[in-house]
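Going down the list, the protein sequences come from chains D and W.
Take the first sequence: its position 98, counted from the start at 1, is 204 in my numbering, and no numbers get skipped.
Take the second sequence: its position 713, counted from the start at 1, is 727 in my numbering, and no numbers get skipped.
It cannot be assumed that every hint is accurate.
[Stated by the list, open to error] Below, simulated EDC-like cross-link-like pairs (lysine to aspartate or glutamate); rule was C-alpha separation at most 20 Å, straight line:
1) W:551 with D:120
2) D:188 with W:819
3) D:191 with W:823
4) W:255 with W:81
5) D:188 with W:694
6) W:800 with W:689
7) D:188 with W:517
8) W:800 with W:763
9) W:546 with W:440
10) D:188 with W:695
11) D:191 with W:514
12) D:166 with D:124
13) D:191 with W:695
14) D:188 with W:666
[Unchecked claim] Reference listing, derived: stretches of chain D covered by chain W, where coverage requires no fewer than 3 residues with Cβ under 8 Å from a Cβ of chain W:
15) 111–117
16) 130–142
17) 161–171
18) 190–197
Please keep in mind that the hints were generated in silico from the structure rather than gathered at the bench.
For glycine and all other residues, C-beta sits at the position ideal for the given N, C-alpha and C.
Spelled out from the first residue to the last, the chains are:
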Amino acid sequence: MKRVEIITRPYKLDEIKEALTGIGIQGMTVTDVRGFGRQRGHKEVYRGAEYQVDFVSKVKIEVVIDEDLLDQTLEVIQTAAKTGKIGDGKIFISTIDNAIRIRTGESGGSAL
Amino acid sequence: MSIEILHQARDLYRSIAADPGHCPAWFSARVDEWVHQTSAQLLPADGRTIVLALGGYGREELFPFSDIDLLVCLPESDPPDSQLVAETLFVPLWDSGFDVGHGIRTLSETLALAAEDFEVLISLLDARLLFGPPDAFSAFRSLVLKRLVIPLRGEIILWLARRHDERHRRFGDGAHQLSPNLKEGRGGQRDLQTTQWLEAVCRAGGDEFTSLSSSERVALSQAAQVLSAARMALHRLGKRKNDVLHLEMQPEIAQVLGYGPVGDRDAVERFLSVLHKAMTEIRLLCRLCLDNSLRRATGPGADTGLDFSVLVSDPANILELFRHSAKSGISIGWHTRRIIQERFSSLSRTSDWQQPIVLRFQAMLCGPHAGQILDQMLEVGFLSVFLPEFADIEHLVQFDAYHRLPAGPHLVETVRNLAAFEPGHEFLGDYLFSQRDDPCLRWAALLHDIGKGNGDHAAKGALLSRGILSRLGYDDDFVEECTFLIEQHLLLVHTATRFDLGEEPVILQLAQTLGSVVRLDRLTLLTWADSKATGPKAWNPWVENLLRETYFKTRKVLEHGIMSDETQVHRLSTLRDSLRSKRTEDVSIQDFERLLSIMPPRYLLQTPPMRIIDHIELVRQFCAREDESAFRLAWEHRPHSRSLRVTLVSMDRPGLFARVCAALDKHGMSVLGAELCVWDDGTVVDVFWVTEPLDMLYVDQTVAAFQGSLTRLFDDETGLDRLSVQLTSKLRKVYAVDPDFVGIHLDNEASDFHTVLSIQAPDVPGLLATVSLCLYRLGMDLIFAKIATQKDKAMDILHIREGGEKIADSECQSLERSLTLLIRSLYV
Numbered sequence: 107m108k109r110v111e112i113i114t115r116p117y118k119l120d121e122i123k124e125a126l127t128g129i130g131i132q133g134m135t136v137t138d139v140r141g142f143g144r145q146r147g148h149k150e151v152y153r154g155a156e157y158q159v160d161f162v163s164k165v166k167i168e169v170v171i172d173e174d175l176l177d178q179t180l181e182v183i184q185t186a187a188k189t190g191k192i193g194d195g196k197i198f199i200s201t202i203d204n205a206i207r208i209r210t211g212e213s214g215g216s217a218l
Numbered sequence: 015m016s017i018e019i020l021h022q023a024r025d026l027y028r029s030i031a032a033d034p035g036h037c038p039a040w041f042s043a044r045v046d047e048w049v050h051q052t053s054a055q056l057l058p059a060d061g062r063t064i065v066l067a068l069g070g071y072g073r074e075e076l077f078p079f080s081d082i083d084l085l086v087c088l089p090e091s092d093p094p095d096s097q098l099v100a101e102t103l104f105v106p107l108w109d110s111g112f113d114v115g116h117g118i119r120t121l122s123e124t125l126a127l128a129a130e131d132f133e134v135l136i137s138l139l140d141a142r143l144l145f146g147p148p149d150a151f152s153a154f155r156s157l158v159l160k161r162l163v164i165p166l167r168g169e170i171i172l173w174l175a176r177r178h179d180e181r182h183r184r185f186g187d188g189a190h191q192l193s194p195n196l197k198e199g200r201g202g203q204r205d206l207q208t209t210q211w212l213e214a215v216c217r218a219g220g221d222e223f224t225s226l227s228s229s230e231r232v233a234l235s236q237a238a239q240v241l242s243a244a245r246m247a248l249h250r251l252g253k254r255k256n257d258v259l260h261l262e263m264q265p266e267i268a269q270v271l272g273y274g275p276v277g278d279r280d281a282v283e284r285f286l287s288v289l290h291k292a293m294t295e296i297r298l299l300c301r302l303c304l305d306n307s308l309r310r311a312t313g314p315g316a317d318t319g320l321d322f323s324v325l326v327s328d329p330a331n332i333l334e335l336f337r338h339s340a341k342s343g344i345s346i347g348w349h350t351r352r353i354i355q356e357r358f359s360s361l362s363r364t365s366d367w368q369q370p371i372v373l374r375f376q377a378m379l380c381g382p383h384a385g386q387i388l389d390q391m392l393e394v395g396f397l398s399v400f401l402p403e404f405a406d407i408e409h410l411v412q413f414d415a416y417h418r419l420p421a422g423p424h425l426v427e428t429v430r431n432l433a434a435f436e437p438g439h440e441f442l443g444d445y446l447f448s449q450r451d452d453p454c455l456r457w458a459a460l461l462h463d464i465g466k467g468n469g470d471h472a473a474k475g476a477l478l479s480r481g482i483l484s485r486l487g488y489d490d491d492f493v494e495e496c497t498f499l500i501e502q503h504l505l506l507v508h509t510a511t512r513f514d515l516g517e518e519p520v521i522l523q524l525a526q527t528l529g530s531v532v533r534l535d536r537l538t539l540l541t542w543a544d545s546k547a548t549g550p551k552a553w554n555p556w557v558e559n560l561l562r563e564t565y566f567k568t569r570k571v572l573e574h575g576i577m578s579d580e581t582q583v584h585r586l587s588t589l590r591d592s593l594r595s596k597r598t599e600d601v602s603i604q605d606f607e608r609l610l611s612i613m614p615p616r617y618l619l620q621t622p623p624m625r626i627i628d629h630i631e632l633v634r635q636f637c638a639r640e641d642e643s644a645f646r647l648a649w650e651h652r653p654h655s656r657s658l659r660v661t662l663v664s665m666d667r668p669g670l671f672a673r674v675c676a677a678l679d680k681h682g683m684s685v686l687g688a689e690l691c692v693w694d695d696g697t698v699v700d701v702f703w704v705t706e707p708l709d710m711l712y713v714d715q716t717v718a719a720f721q722g723s724l725t726r727l728f729d730d731e732t733g734l735d736r737l738s739v740q741l742t743s744k745l746r747k748v749y750a751v752d753p754d755f756v757g758i759h760l761d762n763e764a765s766d767f768h769t770v771l772s773i774q775a776p777d778v779p780g781l782l783a784t785v786s787l788c789l790y791r792l793g794m795d796l797i798f799a800k801i802a803t804q805k806d807k808a809m810d811i812l813h814i815r816e817g818g819e820k821i822a823d824s825e826c827q828s829l830e831r832s833l834t835l836l837i838r839s840l841y842v
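If we strip away everything but chain D, and leave its shape as in the complex, we get (with noise of 0.2 Å):
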């Protein structure tokens, strides 16, 4: 199984979650962030006054998957969510040892 890690851009939530949902993953955590990377924040200048933004607002979504799955999630994800701009953002992907479903007891891929 792996985890998929995505921060990227607000207003991109809806199409990620589109294209993901239309690959049959249906559960997903979504979470407000804010970070910086390249883009470093940026600054606002109004009236010769500089507001430096240090954090800019992402959205990170995260699923777990079967790794058969892998290759296509990380495909409609990028297709969804690249615009070829600074701060289109990165996906993470990290390998889960086990995953138990707490009304069932069931785990591993059935607990998905």
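With chain D fixed as given, assemble chain W onto it according to the hints.
Quick look at chain W alone, frame taken from chain D:
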């Protein structure tokens, strides 16, 4: 009855499929039976020991997981074996999984304990005989009343009031409102029991309990039934001792209680609205009883609020009362509130609200204590009479983890937030404060959700508000402004979270909708107040970040950009209408509207209408092409200026401008001027004014050759390299020009979306091609350009981006230097 049979009764009672007849009184009776039988087997029949039910059990209100509170009151002398009593009466209940509150004491011990601990004393007020002679119980009760309740009446009432206030403080925050505690929370069963205890304490002293009128008693009884049903379902579904109505349990409980969807309202929302109304009723009536009891117990000096009962026969006086309360910060007393309610019942929907009263209401609405006053108006019921539409949404609950308050209290909270906004507020305080007390904004805050429960609540709310404000006598301009704010109260958050704030068209569209900085300020303040009143998921640093960015970018456009000129804004809307009237039959209405919607405002304002029509035709031809050509071209000779106007339509791609410039230069056509534009869907519409080719006799062939070169350049990167090398070597001519007369400037402050590159230099063939090739090689995107030549001087403005963003400030200087050196090299 054996303990096993009691188990069975308990299991039956706890089942979600339990019969309606299996109610608290029924289960209490089952427990009574067991306790009585067991006590009869255990205790001597000499009439000196009594077994009592206390607390909820004493009131016959045993819920499926309630405690069973028992007191064995022993005779002072020769009492039975306490250990045996405990083992026989309490242990089997414990072993069966009941939670048992237990006490084995003599009467004197009980009285001593109750005198010190009012929790014990209060529980004795609910005492009910389970075993023993009735006259022994009467004697017990009589002693409790004479020795404790009557002499300590004032202290008991004060204690009840303190406990009430502590409990309300503890259970008052947002989380508890989303998931109310049906027992301890505001308007929960403890409040209900408090009214009953107050009545018991009052009657103990021989007084009539007049805190509640007969209609209030009926209302309280009905509210109690709603609460009881909800708590019952909660215990049965949760299968454990829990009185918190958690969010995830609410839909199932609504279903179990038989609520179904009606119109837009789903079952759980209907249930929660009914529950909220019931708990509000209980809360208010409990407060009424407490205030009345406090006044009686402590005398006329009690702080029970403003009492103007004799004055409230006139609506104007009623409002005056609210105004005094606002000014002084003292709440209106409950006795007066009741009289106001009685007075209101005779007022009709349409009447009585003369202009002076409306103005007084507005003055309070715009004042610093607006929140407190509206709270009281809501509780008293004044708001629902003054604004009958309020009654429809007052208890409306939205079932999500987002809205922490029902609609009525939410609207009041929004106004409260506005009233508390200070000049130095961290969220744009300096910019927004000036609008804080604006009447339009305050009315919009009060009415913005009046359309809830009816689909698009913003649009519906605007419609309802129009009717309300017109009815109250406001003029058209005021109504228009207020309803605009209501209809658009979700616009800013929607834009900030659903669109790319880095794209100029997004901000331009927003600026066009708002039209002025004043509206932007008002709407931003309303958005803040509304979001904060909604809950922490609606207002938090994440949202604040996005909203702040939206605000500043929009404000800049409204103050300095295209939208800063009101005549331009008006011109935009009339321009579109004018273009529509010029539509040709070749373009469908649908396609035409789509193209109008994607044309940037700058393009619309700066391009003559007939030329826009020509461009639309060229775009149509380009879209309908059957060959694989990458562009469409049209040209026109302009003899009076000895130039050609060449229009190119294509799809945006990196290096497009550089390719066109290079191809034009190759065929001896120098760029005198250009206007480059990318429409919102990526369609490029570039217009070039170029010098006539050397031999005008063969202009058609020259243009065709240019087209061929451009076609080859579109796909041939090496061709572009070769061409740039040729251009560079060709350009090495000597010009008697001062090379310092080259001005290159990169400006990151003129626009929030692009870096503006301005070039002033002596115009030479290849200048534009060289610059555009350089930018292309550096990976810069050209978004918009205005190229002009004045006499022999090139005056070029290019809006550029790198990686979708403005060029970093740290890189601007080095880019300026590089471009300056590059252009200077053309003159040497």
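A quick look at each hint next to the structure:
A C-alpha spacing of about 18 Å is found between residue 551 (chain W) and residue 120 (chain D), which places the hinted pair at or below 20 Å, so the restraint holds. Restraint check for residue 188 (chain D) and residue 819 (chain W): satisfied, since their Cα atoms lie roughly 14 Å apart, inside the 20 Å limit. The straight-line distance between the Cα atoms of residue 191 (chain D) and residue 823 (chain W) is roughly 17 Å, inside the 20 Å bound, and the hint therefore holds. With a C-alpha separation of about 9 Å, the suggested pair residue 255 (chain W) and residue 81 (chain W) falls inside the 20 Å cut-off, and the hint holds.
The suggested pairing of residue 188 (chain D) with residue 694 (chain W) holds, with an alpha-carbon distance near 17 Å, which does not exceed 20 Å. Distance check on the hinted pair: residue 800 (chain W) and residue 689 (chain W) sit about 5 Å apart at the alpha-carbon level, within 20 Å; holds. Distance restraint check for residue 188 (chain D) and residue 517 (chain W): the Cα-Cα separation of roughly 15 Å lies within the 20 Å cut-off, and the hinted pair is therefore satisfied. For a cut-off of 20 Å, the pair hint linking residue 800 (chain W) to residue 763 (chain W) stands: about 18 Å separates their Cα positions.
A hinted pair counts as satisfied when its Cα atoms are at most 20 Å apart, and residue 546 (chain W) with residue 440 (chain W) qualifies at roughly 14 Å. Straight-line distance between C-alpha atoms of residue 188 (chain D) and residue 695 (chain W) comes to about 16 Å, which keeps the hinted pair within the 20 Å bound. At most 20 Å may separate the alpha-carbon atoms for a hinted pair to count; residue 191 (chain D) and residue 514 (chain W) meet this at roughly 11 Å. With a C-alpha separation of about 15 Å, the suggested pair residue 166 (chain D) and residue 124 (chain D) falls inside the 20 Å cut-off, and the hint holds.
Under the criterion of a C-alpha separation no larger than 20 Å, the hint pairing residue 191 (chain D) with residue 695 (chain W) is consistent with the structure, at around 16 Å. About 17 Å separates the Cα atoms of residue 188 (chain D) and residue 666 (chain W), which keeps this hinted pair within 20 Å; it holds. By the rule of at least three residues with a Cβ nearer than 8 Å to a Cβ of chain W, the coverage given for the segment 111–117 of chain D holds, with 3 such residues. Look at the segment 130–142 of chain D against chain W: 3 of its residues bring a Cβ nearer than 8 Å to a Cβ of that chain, three or more, so the hint holds.
For the segment 161–171 of chain D, the assignment as covered by chain W holds, since 3 residues bring a beta-carbon within under 8 Å of that chain's beta-carbons and 3 suffice. Residues of the segment 190–197 of chain D with a Cβ under 8 Å from some Cβ of chain W number 4, which satisfies the need for three, so the listed coverage holds.
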